[in-house]
Amino acid sequence: MISAPDVVAFTREEELEDELCSEPPLPEEYSVPLFPFASHGTNPWAKVASSKFTRDFILISEFSEQVGPQPLLTIPDDAKVSGTFDLNYFSLRIMSVDYQASFVGHPPGSAYPKLNFVEDSKVVLGDSKEGAFAYVHHLTLYDLEARGFVRPFCMAYISADEHKIMQQFQELSAEFSKASECLKTGNRKAFANELEKKLKDLDYTRTVLHNETEIQKKANDKGYYTTQAIEKANELASVEKSIIEHQDLLKQIRSYPYRKLKESDFHPYEPESALDQADAGCDQDLPTSDLAEPGETLLCAQTLSYTPKLIKAKSAKCFDKKLKTLEELCDIYFFTQTLDQLHQIERTFRGDVCYLLTDQISRALLKQQSVTNFLFEDVSFLDEKTPEKQYRGCQGLGQDALDRKCPEESPAPKVVISLGSYKSSVECVPIKMEQEMEDSQEPKLTESVTFEQQENLDYLDADIKGSISSGESIEVLGTEKSASGLTKSESQASLPVSPSPQAGRSKVGSRRTVSEDSIEVLSTCPSESLIPEDFKASYPSAINEEPYADDEEGGLRFTPKLNPDDVDERGDVSKEENLVQVDSACCIGKESPSFLEPLPELGQKPCDEDGVVRIPPQPSRQGEQGLRGGFPCHDGVAGGLLPYELDSRYLTGSREVSKSSLDECSDSTSYVSSAASTCSDRTPSPARPACQASERHKKKAGQNALRFIRQYPFAHPAIYSLLSGRTLVVLGEEEAIVKKLVTALSIFVPSGGLDAKPVKHWLTAPLHVVDFQKWKLIGLQRTVSPAGVNVLHALSRYSRYVSILDADSKTLRCPLYKGTLVSRLADHRTQIKRGSTYYMHVQSVLTQLCSKAFLFTFCHHLHLPIGEREPEECVVNRRMNFLKLQLGLANEDLKIVQYLAELLKLRYLQEPGRRASPLLRFDYVPSFLYKI
Amino acid sequence: KSSVQTIGEEQIQNPYTELLVLKGHQDIVRFLVQIDDCRFASAGDDGIIFLWNAQTGEKLFELHGHTQKITAIAPFSSSDASEEKKNLILTASADRTVIVWDCTSGRQVQKVSCFHSTVKCLTVLQRLDVWLSGGSDLCVWNRKLDLLCKTSHLTDAGISALVELPKNCVVAAVGKELIIFRLIPSNDESEGWNVLEVKRLVDHQDNILSLVSVNDLTFVTGSHVGELIVWDALDWTKQASECNFWDSSVHPDAQPEIKLSQSPNETSVQHLTSDEECVFAAVGKGIYVYNLQMKRVIACQRTAHDSSVLHIEKVPNRQLISCSEDGSVRIWELREKQQLPAEPVPTGFFNMWGFGRANKQANQAAKKMQENTPMHVLELVGDLIGHSSAVQMFLYFGELGLATCSADHLIILWKDGERESRLRSLTLFQKLAQSGDLQLKF
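Residue numbers (the UniProt record's numbering), protein chains in the order written: chain A, 1 to 932; chain B, 1 to 442.
Read the hints as simulated data drawn from the structure, not as lab findings.
Predicted model only: the values in this text are computed from it and were never measured.
Each hint should be verified, as a subset may be incorrect.
Partial list, derived from the structure: chain B residues whose beta carbon lies under 7 angstroms from chain A [said to hold, decoys possible]:
(1) Q5
(2) E9
(3) E10
(4) Q13
(5) N14
(6) P15
(7) T17
(8) L19
(9) V21
(10) H409
(11) G417
(12) L423
(13) R424
(14) S425
(15) F429
For lysine-lysine, the following DSBU-like pairs were computed, each having C-alpha atoms within a straight-line distance of at most 30 angstroms [stated by the list, open to error]:
(16) K111/B - K144/B
(17) K120/B - K760/A
(18) K757/A - K111/B
(19) K431/B - K760/A
(20) K314/B - K431/B
(21) K176/B - K144/B
(22) K739/A - K760/A
(23) K757/A - K931/A
(24) K69/B - K23/B
(25) K59/B - K774/A
(26) K144/B - K59/B
(27) K431/B - K774/A
(28) K757/A - K23/B
(29) K931/A - K818/A
(30) K251/A - K241/A
(31) K760/A - K774/A
(32) K218/A - K129/A
(33) K314/B - K86/B
(34) K232/A - K251/A
(35) K85/B - K774/A
(36) K314/B - K884/A
(37) K167/B - K150/B
(38) K833/A - K818/A
(39) K774/A - K757/A
(40) K367/A - K167/B
For each residue, glycine too, the CB sits at the ideal point set by N, CA and C.
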C-alpha cells in the first residue's frame, strides 16, 4: 500500500510544505495525492447542498408505452436513499436522452417484422438543479406484447459527485455492461419462451379454426360462402400469417448469438478451462434445477406442460392490457443475477471518489513493483488484474446473495457456479459478453501506457483512453435549457433537448440512424466548456449500435490514438490544434476563451443556473500540474461539490451501510469520535468486489494489531520474530483469543511467494518441523489432555525454531530485539486510532522495508566479489557496511532485511511451474522470556 | 533429570542454519547412500528407493520394484575407463530379491530373485569386479549378475556384516563368529571364482553388530556386549581388545552397581567408524574414541544422547557427528584437553550420574594416566533437531550439507545457510544476466 487515503484528508498544507522543504520531493507518481481544495479553506467533507439525496444509488427506469417514463426500482431499495429527490422527474430526464428506440416492425422491403439487436448506449448526464449526475445505461428488452416488441429501459448510477461519474466512467460502463448483458440474456430466454407459448397457442387456434371451417364447409351445401365462413377463412389466414411471423421471430431471437459470432471482432465468451472442469460439479448447486439443463430441453419441458389456449389472431391493443413487469420480462435467475451485480456496483462505487482514485493509483503502482509486492501485499489484491476478474468475484457474491448468505464469505467455488450457469443457459452457443472482450484489451493498454509514459501521463488518463477505445458512445448532455449559441455539428448532434421527452427522444433517435458519430457535447455554460486535450481523442469514436452498421469498417473502433506509440504525440499536440479539432467535431466553445486555459475561478462557481455541462470523463492534467502531487481530479470542481458523505443519515441510510458501519464500530473499540480527523474514516469506503472480504480483514487485523501493540510491552520482539522469518506460535486455551492475536499479527508476516500468507490460525496437533517451513505464524491450542502434553513437548523440542507467545499467561519467549525498525512500525503511543489506518501505516512502513530489501538483493557487489581475486571477507564487509550505513539498519534489523532478501531471491529464482521446495532458515540465537 | 550434555540455543560453531525437508517415503527410512558428488539414494521399510539431488533437495527418481522392506543397499559404479561411468546401485530386500538400478535413467537394470533367504548385506569388490551378497549363505556375482559361486548354508540368522580384506579375502560376521573367506580364481573358467572358507574367529562373546575396516592392515569388530576387538587384516589375529571398556578397564573407578544397572542394550557397540588414528564407537548412548596406537580409549561421552546412538561418522576438522534414537543429531569436536588435574573427567561424569562418591584411588589413577598422554575430550558443538523420531542414519556431503533419515519417514537436508544464501545470489545474478534484466530498462 503506497498511499493511505485516510491520511490524505488530514494533511494540512503548512505541514506539507514543511516536509517538502526538508526532503527532496518524491517522484510525482509516487506522491500521495493531496486533497486539491485544501487551500480554499473549505471543509472538504461538507455535504453538497444542492443534492436532494444522501448517497449514490442506482435507478432503473422504463419508458413505458402506456405511461411514459417511470422509475421502476432503486438500489439500494430504500426510500431514504433518494430522499426528496424526484425519481419520476429524473426518470423522465434520463429516458429522454435515449435515442435508440429504433422502432421495430415492418421495415420497408421486409415481409416480416424484424428484431433489432440493439447495442446499449452509455450516457453521462448532469442535472444541476437536482444536484444529480448520472451515468445512464440504456438498453432494450424484448416483449412480445410491446410495441415493436421492444421495451426501452435504462439503468442509471446517480451521484451528487460529478467527478465520480466522469472519472469512473470506464469502470461504471464496464460494470453496467455486465449487468445489462446478464439482464438481456435472461430476457432473450424469457422472450424465446414466450414465443414458444404463443406459437403453441396459434397452432392450437389454427387447428380449431381449421376444424370449424371444415365443419362449416360440410354443413354448407349451398355452394356459396357465408360471411361467417369468409370470416373464419380470413381469421385462419391471419393465424397462419401470425404463425409464420412468430416462427421467424423465434428464429431471430435464437440466432442472436450466432449472428454475433459471425461478426469479425466478436470473441465469444469462453470460460477458463479450470472453471470449465468445475462445471459439472457446480451445476447441481444451481438454485433452480432447470437452469442446469440445456436450453432446448428446458423449453421442451415447459412447452409440454403448457396447455395451449384459443387466442385471437390479432393481438390486443397495447393499452388494453397490463404490460409485463421487468421481473416478468427476464428469466428469474438472470434477473436476480442482474440485481446482484447492480448491488455490487453500488457497493463498489459508493463513498468518496478519492477512495476510488487512491485505490486505483496504489493498485497501479503496486503492480509495477512486481519483484517485491508479493511480500506483504494481499494476493487477491494483486491477482485482481482485470475487471473480468472482478466480475467473477461479484458474480460469486451475487450467487451467494441469491442463496441468502453473507456475501462477504463467498468462496471461490461460488464464482464457478455462476459461470457455469451462464454456460448452460438458454443459448447453446457461448453467450456474447462483449465487455469481456473489450476488457481484455484495456488493461494491457493501460499498463503499457503507464509504464512508458509515467512522467507525462497519469494512468487514469490511460484508463479513459481505454474507454474511448471501446467504441462506446459517450454523450455529455446538458439537460437544462440549452444556449442559443449552439450550432449544428456535422453530425447533426447538438440538438437542444426539448422539455418534451417524446420529442427529444424521437429526434435524437432519428439523428442516430444517420449519424456515426457518437460524441456530442452540448454546452450552455461557456465558462465550463473547458475541454482538455484528451478530448480530441474521443471525438472520432464511432457509434456502433446497430448490427447493420457493423460491416462498416471505419465505424468499428477508433484505435490509432490508443496506440501507446501515439501517446508521445498526444502530449505534443498543441492546444490550438486541439481547439480546432474539437471545433470541427462539435462546433462548440468557439466563443469561449476558457477553452484555451482554465479560469481560476472555475472552482468557485461550478453550478451555473442554466444547465450543467461536463466534459467527457477524464482527469484533467491542469489539475495535476497546478497542485503538487496533484490529485487527479477535475479542475472545475468546487470544494463544495465533491464530498457529501458525511451526513449521519448516510450511515444509517440503508441496510448495507448500517451493516458496514456497524462493522466499523465493532472493530474500533478505541475509536474516539473526535473532530474531523476521524470523519473521513466514517465514510464507508468503496470496496472492490473481490477484495471486500479482505478489506474487512484488513480493518480487523489492523485494529487487533493496534490493540496488541498497546497491550503487550513485548510487541516489538514478537513482530521482529515474524519479520525475520522465525515462526511465532501463539499458544492459548481459547480459540477466539488465539485467533484474534493471530489475525492481528498476520499483517506483519511476509509471504514466501506462495499463494497464501503462511499463517495457520488454529492448530491442535503437535508441531512438526514441516510446519515451520509452511507457516510463520501459528495459533496453537493448549489443553490439559495427554494430547496437549504432546503438543507442549513438541513445542519445547522445537523451541529453537519458534518464538512462543503465551496468550494465557501473557508471556513471550523469543530472541532479543534491539533494532529501531519495529518501533516505528509498532509504536504503542501511536496516535492512530483506527484499524484500517493502522493497517495502511504498517503497509507503508513495510513497503519501505521492501524497497531496502530490494536494493540489498539486487546490488551485485554486495553479494559477489568485484574482481576474481577479491576475498570473501571483503564482500562480507561491503555487505555489512551497506546494510548499516547505506540502509541505516542497526542490530537485528539487518536480519529482517536479510530474510526479506532471501525471500526475494527465492521468488526470483523460482522456476515457473515448478514449486520451490520450502526452506526453513533459522539462527542459533538464545531466547529470552518476556513478561508483562 | 537428564545427564546428557546440552548446548543451548546459541551454537556459534554449528554451520547448519537452513534445512530442507524431503518427503516421499511412507515408512522408516533406514539407508542413505551416496551415488556421486551431488546425488544420494534413500531406502527404507516401504521398499521404495528415492534418488535425490543433495544440493537442491529435488527428487530425481522414485524406484519401485521391491515388494518388501529394503535390507541392504550399495553403490555399484563401474570403474571401467573404457565406457562412460555408469552409476548403479544394488538393493536387497526382504522379498529375497536384489535389484540393480541405473541412477542416470532411474530404471531397473536387472533383478535377481533366486535367493533362499533375505540378503542382509551387499559388498562390491571393485578390484575383482564382483559383488557379494550375504544372507544365510555367501554368494559371489559378477557384473552381469551371473552367480559365480556360493558357500554352503552357514546359518539361519545370516551374515550381518561383510567387509573386504586384502588378498582377495572377505570377513563376514555371522552371529558371534567372524568367518574369513577367500576368493580363488576357478581353474576351468577364466572369469569364475571359487569361494573358500579360510578361518573362523570365535573371540566374541556375543553377536557381532559392527564390523569396519580401518586400513589395509586392520579391521575392527564390536559386539552386543560391548567388546571391541582390533584384528590384523592379514593374518587375522587379535591385535588388541577392549572388553567392557565402558567401565573398569579404562576407568578403574567403576562401581559394580553401575555394571549391573547397565542393560546389554546400553553397552552394545551399535556402530563403528574410524580414521587412521582412532576408532570411534557408538556404544549404547555413548560415544567412545579408541586410539589404535595407544590401544586405549582416549575420550568418551558416556551419554552423548538420550537413547542409543545409531550411527556415527568422522568428519573433517576433528569433528564427529552422531545420530540417535532420540531423534537428534549431534556434532562433536575432539579437543585436546588442557591438563587440569583439579577436574578429572571421569569423576565429573560420575558426579553427574549421581554417584558422587568418587574415591581417591580413581582420581589418582586418572591423574597417572594424564601424565603421559594428552587428555582428549568430546565437546558438543552443535545439535540438529528436526526429526520427530529416531534418526537412523546420516550422510555427510561436505559443504553441500548433511542428509539425515529417520523413522518419521522424512529425510532432512541440513545446509549452511550462509553458503546457500551466497549461492542463491550467484544464481540470481546469473539469471539476471541471462534474461538481460541487468540492463536498465525504462
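Hints versus structure:
1. Q5: The hint is violated - Q5/B has no Cβ within 7 angstroms of chain A, the shortest such distance being about 16 angstroms.
2. E9: Cβ of E9/B sits 5 angstroms from chain A, so the hint holds.
3. E10: 5 angstroms, holds
4. Q13: 9 angstroms, violated
5. N14: Hint on N14/B: holds, closest Cβ of chain A at ~6 angstroms, below 7 angstroms.
6. P15: 10 angstroms, violated
7. T17: Since chain A brings a Cβ to about 6 angstroms from T17/B, closer than 7 angstroms, the hint holds.
8. L19: This hint holds: L19/B lies near chain A, its Cβ roughly 5 angstroms from the closest one there, short of 7 angstroms.
9. V21: Result: holds, 5 angstroms to nearest chain A Cβ.
10. H409: 11 angstroms, violated
11. G417: Because about 5 angstroms separates G417/B from the closest Cβ in chain A, which is inside the 7 angstroms limit, the hint holds.
12. L423: 10 angstroms, violated
13. R424: Given a least distance of 4 angstroms, the restraint on R424/B holds.
14. S425: Given a least distance of 4 angstroms, the restraint on S425/B holds.
15. F429: 6 angstroms, holds
16. K111/B - K144/B: 11 angstroms, holds
17. K120/B - K760/A: 45 angstroms, violated
18. K757/A - K111/B: At roughly 48 angstroms apart (the allowed maximum being 30 angstroms), K111/B and K757/A break the hint.
19. K431/B - K760/A: Given that 30 angstroms is the threshold and the Cα spacing comes to 33 angstroms, the pair is violated.
20. K314/B - K431/B: Since the Cα atoms of K314/B and K431/B sit roughly 38 angstroms apart, the hinted pair is violated (cutoff 30 angstroms).
21. K176/B - K144/B: 33 angstroms, violated
22. K739/A - K760/A: 9 angstroms, holds
23. K757/A - K931/A: 28 angstroms, holds
24. K69/B - K23/B: Distance of about 18 angstroms is within 30 angstroms: holds.
25. K59/B - K774/A: 19 angstroms, holds
26. K144/B - K59/B: 28 angstroms, holds
27. K431/B - K774/A: Roughly 26 angstroms separates the two Cα atoms, so the pair holds.
28. K757/A - K23/B: 22 angstroms, holds
29. K931/A - K818/A: 17 angstroms, holds
30. K251/A - K241/A: With a Cα-Cα distance of about 15 angstroms, the restraint between K251/A and K241/A holds, given a limit of 30 angstroms.
31. K760/A - K774/A: 9 angstroms, holds
32. K218/A - K129/A: The given pair, whose Cα atoms are some 73 angstroms apart, is violated under the 30 angstroms limit.
33. K314/B - K86/B: 28 angstroms, holds
34. K232/A - K251/A: Measuring from Cα to Cα gives roughly 28 angstroms; hence the hint holds.
35. K85/B - K774/A: 39 angstroms, violated
36. K314/B - K884/A: The given pair, whose Cα atoms are some 40 angstroms apart, is violated under the 30 angstroms limit.
37. K167/B - K150/B: Given that 30 angstroms is the threshold and the Cα spacing comes to 19 angstroms, the pair holds.
38. K833/A - K818/A: 26 angstroms, holds
39. K774/A - K757/A: 10 angstroms, holds
40. K367/A - K167/B: Status violated; Cα separation ~72 angstroms.
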